[in-house]
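Both chains are sitting in their own frames, so use the hints and assemble them into the complex.
Here are the chains, one letter per residue:
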Amino acid sequence: AQSVTQLDSQVPVFEEAPVELRCNYSSSVSVYLFWYVQYPNQGLQLLLKYLSGSTLVKGINGFEAEFNKSQTSFHLRKPSVHISDTAEYFCAVSMDFGNEKLTFGTGTRLTIIP
Amino acid sequence: NAGVTQTPKFRVLKTGQSMTLLCAQDMNHEYMYWYRQDPGMGLRLIHYSVGEGTTAKGEVPDGYNVSRLKKQNFLLGLESAAPSQTSVYFCASSSLGRGRETQYFGPGTRLLVL
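Protein chains in written order, with the numbering used here: chain E, 1 to 114; chain V, 1001 to 1114.
If we strip away everything but chain V, and leave its shape as in the complex, we get (with noise of 0.2 Å):
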């Protein structure tokens, strides 16, 4: 098993460009989650899914959006990319939503915004 992977790893962007992060795995878990990560903040919950074709907003989900059309992958995307979005992006999975369950997280992606 992969698990959860992310593509792509690294990426530069102008202000104002698009693009969509990759999100998938294959342990066949309901609940997916975007965060990003920012120095001295910890980890911070932009959008989640419970579900294929459903999504949430979370904690800062501002300037991105996400879809889940099949169950294994999860995007997010950026449509007008601006330098407050430099950030590490991290996908996570979970089997269900309830709160005691483990997420397993993607190795990132680091996204720079110039």
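Chain E on its own, in the form it takes in the complex (with noise of 0.2 Å):
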């Protein structure tokens, strides 16, 4: 069965400061990896995923992560955060055949400071 860690449950920036949130994973087969972002009071959005090829994936807003097999990891990085970028970020993993399910992690409180 995949899991999915992400270490820190809260990161505080400043704005215009870049961000990394970590994400690692554990599976004994290849696996899609995604981040989702959740707004207040609002749904899970797709940010982006990774499904096979470059492994530097770029996303919606900014948002990039570099998938690293060698070190089970997907984190999530963006180079100058903004007030809006303020959200939760869920990192998740679903295994390369004929499985329905998202195994998501505990998420990541972004808190962007003025």
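What the hints contain is simulated information worked out from the structure, not anything from laboratory work. Some hints here could point you the wrong way.
Once the Cα atoms are required to be at most 25 Å apart in a straight line, the calculated DSS-like pairs of lysine-lysine come out as [claimed, not checked]:
#1 E:Lys-78 to V:Lys-1070
#2 V:Lys-1070 to E:Lys-101
#3 E:Lys-101 to E:Lys-58
#4 E:Lys-49 to E:Lys-101
#5 E:Lys-49 to E:Lys-78
#6 E:Lys-78 to E:Lys-58
#7 V:Lys-1009 to V:Lys-1071
#8 V:Lys-1057 to V:Lys-1070
#9 V:Lys-1014 to E:Lys-101
Residues from chain E that face chain V, not an exhaustive set, calculated with beta carbons under 7 Å [to be verified]:
#10 Val-29
#11 Leu-48
#12 Tyr-50
#13 Met-95
#14 Gly-107
#15 Arg-109
Each residue gets a CB set at the ideal place from its N, CA and C atoms; glycine is no exception.
Right under this line is the structure:
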């Protein structure tokens, strides 16, 4: 079975500073990796996903993530954050064959300090 | 397109009462999911459906039942609510069930069981 670890439950960052949200996964088979974002009082929406190919994935709102198979990581980065990036970010993993299910991490709450 | 909608948005129940949460999607998706979100625990899958007339158990199915009588609707029922079921419930859908597919989420239902 796959699992996801998001070590940082909360990350405060000054506006216009860079940010990295960490995600590590474990799985015995090939995986697909996702980052979802949840803005206050809303449902989740897809930020980006890694399926195959280039390990650097670009998403919406200037975010990107890098798949590192040897370190089983999929860290999310943004070079300069804005107040509007205040949200909770979830890393998720699914397996590479016939598996309908996503396994989510516990989430990282990103707070932007003006 | 409305995407994924959920009713009601909020509900307060007393222990032992029953209720049904309704999820509707207008994207002609085959797969639908019910999750619960609790602080510090991320999203956990309750039940899911791979098509009209079919349902399957997820990670935390106890105390819940589901039905998918129409392709566009997925109902989650609580027969006898317990305080442990206080949570935020999210419905999601995807076009296919392969792990690479994006899931589209509704805005959530906040349930308080007293």
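Now for the hints, and whether the structure bears them out:
For the hint linking Lys-78 of chain E to Lys-1070 of chain V, the alpha-carbon distance of about 41 Å lies beyond 25 Å, and the restraint is violated. Our distance criterion of 25 Å between C-alpha atoms is met by Lys-1070 of chain V and Lys-101 of chain E, whose separation comes to about 21 Å. For the proposed pair Lys-101 of chain E and Lys-58 of chain E, the alpha carbon gap of about 23 Å is at most 25 Å, so the pair holds. About 15 Å separates the Cα atoms of Lys-49 of chain E and Lys-101 of chain E, which keeps this hinted pair within 25 Å; it holds.
For the given pair, Lys-49 of chain E sits about 15 Å from Lys-78 of chain E by alpha-carbon distance, which is consistent with the 25 Å threshold. Note on Lys-78 of chain E and Lys-58 of chain E: the hinted pairing holds, with a Cα-Cα distance of about 10 Å set against a maximum of 25 Å. Between Lys-1009 of chain V and Lys-1071 of chain V the alpha-carbon distance is near 22 Å, which keeps this suggested pair within the 25 Å criterion. Between Lys-1057 of chain V and Lys-1070 of chain V the alpha-carbon distance is near 18 Å, which keeps this suggested pair within the 25 Å criterion.
Under the criterion of a C-alpha separation no larger than 25 Å, the hint pairing Lys-1014 of chain V with Lys-101 of chain E is inconsistent with the structure, at around 32 Å. About 10 Å separates the beta-carbon of Val-29 of chain E from the nearest beta-carbon of chain V, more than 7 Å, and the hint is not met. The beta carbon of Leu-48 of chain E is not positioned within 7 Å of any beta carbon in chain V (closest approach about 10 Å), and the interface hint is therefore violated. Given the 7 Å rule on beta carbons, the hint for Tyr-50 of chain E is violated: about 10 Å separates it from the nearest Cβ of chain V.
Residue-level restraint check for Met-95 of chain E holds (minimum Cβ-Cβ distance to chain V is 5 Å; threshold 7 Å). Because the closest C-beta pair between Gly-107 of chain E and chain V is about 5 Å apart, less than 7 Å, the hint holds. For Arg-109 of chain E, the suggested interface contact is broken, since its CB lies about 10 Å from the closest CB of chain V, more than 7 Å.
Figure legend: structure checked against the earlier numbered hints; hints not met, in rising order: 1, 9, 10, 11, 12 and 15.
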